[in-house]
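Below, each chain spelled out in residue letters.
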Amino acid sequence: MKSLSFGVAAIVMAGSVQAADMGAVDEPIKLAINEWTGQHVTTHVAGEMLKAAGYKVEYVTAGMMNQFQALADGDIHATLEIWSSNVSDEYAKKIEEGTVVEIGDLGLDAKEGIAYPAHVADLCPGLPAWEALKDCAQVFATAETLPMGRLVDYPADWGTPGADRMAGLDLPFKAVPAGSEGALIAELRASTERKSPLLITFWQPHWAMSAYDVKFVDLPPGEEACFTDPAWGPNPNAVNDCDFAPSRIFKAGWNGLEEKWPAAYEILSNYQLSVEDQQPMMGAIDVDGGAVEEVVAKWMAENEGKWRPVVDAATK
Amino acid sequence: MSASVDVLPVQSARLTAGSWAALITLVVGAVCLALEPIAPWLVTWPAAWVLPATDWVGTGLAWFLNGIKPVARLFSDIMAYPMNWANFVLGKTPWPIVIGVVTALGWYLGGLAMASLGFFGLSFVLASGYWAESMNTLALVAVSVPVALIVGGAIGILANEIPRLKSIVQAVLDVMQTVPTFAYLTPLLLLFGFGPVVGLIASAIYAAPPMARNVMLGLERVEHEVKEAAIMSGGNRFQQLFQVEIPSAATQIMVGVNQCLMAALSMVIIAAVIGGFNDIGWEVLLTMRKAQFGESLLAGLVIVVFAVVIDRMSGVLATERQRHDTRVVWAILAFAAVFTVAFWARLPNPSELTLLDPVAQAVDQGLTDFTLTNGAWLDALKNNSMFYVLLPLRIGLDQAVLPFTWGFLWTPAMSYGLFAAGALMALLMAWRGHVTGGLTVLIAVGMLETGIANLPWPFVLTGAAALGWVAGGRRLAVLSVVLLSTILVSGLWERALLSLYLSGAAVFSCAVVGGMIGLASAVWEPVWKVVRPICDMLQTIPLFVFLIPVLMVFQIGEFSAFLAICAYAIVPMIRYTRHGLVNTPDEMMEAAISSGATEWQIMRDVRAPYAAPTILLGLNQTILYAFAMLVIAALIGTTGLGQSIYLALGQADVGLGISAGAAMAILALIADRMVQGFAEEKRKALGL
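Sequences listed follow chains A and B, in order. Residue numbering for the first sequence follows the working numbering, beginning at 17 and increasing consecutively. Residue numbering for the second sequence follows the working numbering, beginning at 325 and increasing consecutively.
Honestly, the hints are just simulated from the structure, not real lab data. One or more of the hints may lead you astray.
Taking lysine to aspartate or glutamate pairs in the EDC-like style, the calculated list, with each CA pair at most 20 Å apart, reads [said to hold, decoys possible]:
no. : chain 1 : residue 1 : chain 2 : residue 2
1   : B       : Lys1008   : B       : Asp996
2   : A       : Lys67     : A       : Asp245
3   : A       : Lys211    : B       : Asp703
4   : A       : Lys314    : B       : Asp379
5   : A       : Lys109    : B       : Asp693
6   : B       : Lys393    : A       : Glu74
7   : B       : Lys393    : A       : Asp89
8   : B       : Lys416    : A       : Glu74
9   : B       : Lys393    : A       : Glu113
10  : A       : Lys211    : B       : Asp996
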């Protein structure tokens, strides 16, 4: 709800407010470059928009989990793709301190879920219906999890959503934390190449979704009642017996951003990017081996209608 | 020493210190086992007894860090200048000049061989397309190493000047080297702010101890006559130190410089996790995130090249005084300059070079083919190791033996049978005169039945105390118990046991396999020719690179972590075993040969006993390496202290990170002291 009202407010603001001050155009605005390609695309598009508005932009590599201290200190000025499902406690602390401020949703429609590479449907007929997993658990069993099936869960520091689902739905699976994103990808890759069984907690947009033909298991919809009311859903005795709650992807900035570069703040606040735009660019980079700068420049040239109005609204 | 005195009267009762220690441990273990059903708190430390130590550490540190933050930030700002200069110089210098300078330096230090090493090494870096990132990494090393050298040198001199500080300094150095870097990255980030300076400081912390140790060692070994001559010639203490003692310790100090460089280089990569700098470590992380083995290996090899070049060149600096013709140096430099000017417009942008991409892809494809064709037996290998070795070790036979692992269910009767067999064996050994051995067998049987992760804490504490007592006397025993107790009350015990289990299994395997490889290398030169470069590579390549192939073949889990740890920790075992066996003094060998001993007898009765202290030192290094790798292995899903540290890094939880890091350092430290104690005893027994 909060995010929705914010979105509306942002649109109203953009409509009514006339051109904002440019602010300190001589100093570069530093944008965080995190560890994944989608974020690189998101950030470079935003950076190019700022450049088009007349700003200097610097891209700074920063660990996703560790960037918030830098953001609070003003060493980095904005980070543009934070996943609500995967944000550290530190972010909440900084928001509370007021040193970091949220600057609206990115508009990227993300989905998380229990997933499997397409060939696994042959090993466990009945997929994508989640009920099929009840009888297939043996197929997914490994030395560490016997007699239960194995679910590869997110790295421990991202929480244990997969384990929560298995407990909620009372499925005979043991969740094994992956340790890192690379480990998740290595599992997907090995499974696809060897045609071995794999059940994994995963998300989109992600380049691996198409590269390894990953499908989601159909789970009961992740409504709010599911997480609070045990009676809701197929398992009357437990919460979490449903799909993931829809995750929100948003942007955040240093608290001095608005004052120092008012127009840039407005551009970044109103900046939106959709899965349909981001995913092909990710493919062009990760699968076809293109450079981020070139792929983004090409998209910017071809889709001026999608970003120019946001820049103009803030500067003209 | 006190231990042996205490033991004298006991020996008349035909029990040695070792037997007593083992007996007490056994009794405590047996009592715990018997009481377990009625007193579950013996196995799991009750949550109610846990002190919120991690919170205290967190709050205390946060207060402290905030206090010294302004100073740290100032330091950070100052360090930004040399950092920027180094970056500017290395980044903006055209690549032919950099290659020329390194080649020229190589010539000056070591002639043709060294020059070509520099030339081909850097050409490889250029061809890999990681030139810009490499220069960033090099800039970081170029600034962090002087810092480490100054700090390490100062610590070393300080310990030399004030002998009372020596033991404290040793302990501090141990802590600096054993607390995993990941654990202190978060506080560093808080202190010094975001950016390359954090990586710089982290690597300086890790790289300073080897320098300090070598300075101490070097100054200690300066001969008395030399020192006296300096005093007699009337120099004050400052002059004595800097004009006489340090120059005469130069060779040893240069060894320290060499070690310092290598350590800094390896740590720069790990510090890349927090970002802030587009260096090679960041590239390795990015490629690892995509599970691209070929590419990450390529990026990793760039580091290996740097390590080899820096190691060999600084190694020459440490050993040889001879320098080569400077005219050739100028010629190389002139050629590089002319080349740059002549081809200025046509010099390719090094970031766009992709000469080695096909190789990387081929390696990647090779890995795929390998897993495809060998999948079946590799899976069998993994399952068998899990079922029959790792699982029983972790959770004990009584829980690991199940119908779908071993084909039958473990029953209490089997436990009794196992104990009976153990007791019989122990009796047999005691009767043959090996009392300690027999008792140890019984203890081992008990541990196998319970599993390391389920060991009662009184048993672990007693066992540690007993081992400590035997290895290093009362002080070590007390130290072990006190340190372990801090882990116990801070609520990290279970995780610590998991870490102990995994690293213990890895160390044991490394000791056996590495020892055998070392033996083979010592006996047969061609084996060493093959093994040596592999060892070099395993030691210098960023640890992350191991993880992908292991994962691809064996998937997430303990077995993969076990293998990854072994791959790294086996190296010192091989090196030290070979070194110990090869370097038997000539006169001992001659005596053995002239007495008509066969090759095998010499190995068993002369070389092996003589090499024992060296091999024990190798074991000690293997233990430290295994703990270091444990943190990295958390990236492929282990559940011990490593995971806590990584979790803390992600959540910026200073308290948990430092506590878990300290727990890890404690385990490593105790193991280190015990092995060193045994090595010392061996050395004494050999009269060395």
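Hint by hint, here is what the structure shows:
{"no.": "1", "hint": "Lys1008/B <-> Asp996/B", "in the structure": "18 Å, holds"}
{"no.": "2", "hint": "Lys67/A <-> Asp245/A", "in the structure": "49 Å, violated"}
{"no.": "3", "hint": "Lys211/A <-> Asp703/B", "in the structure": "14 Å, holds"}
{"no.": "4", "hint": "Lys314/A <-> Asp379/B", "in the structure": "51 Å, violated"}
{"no.": "5", "hint": "Lys109/A <-> Asp693/B", "in the structure": "48 Å, violated"}
{"no.": "6", "hint": "Lys393/B <-> Glu74/A", "in the structure": "26 Å, violated"}
{"no.": "7", "hint": "Lys393/B <-> Asp89/A", "in the structure": "12 Å, holds"}
{"no.": "8", "hint": "Lys416/B <-> Glu74/A", "in the structure": "18 Å, holds"}
{"no.": "9", "hint": "Lys393/B <-> Glu113/A", "in the structure": "18 Å, holds"}
{"no.": "10", "hint": "Lys211/A <-> Asp996/B", "in the structure": "45 Å, violated"}
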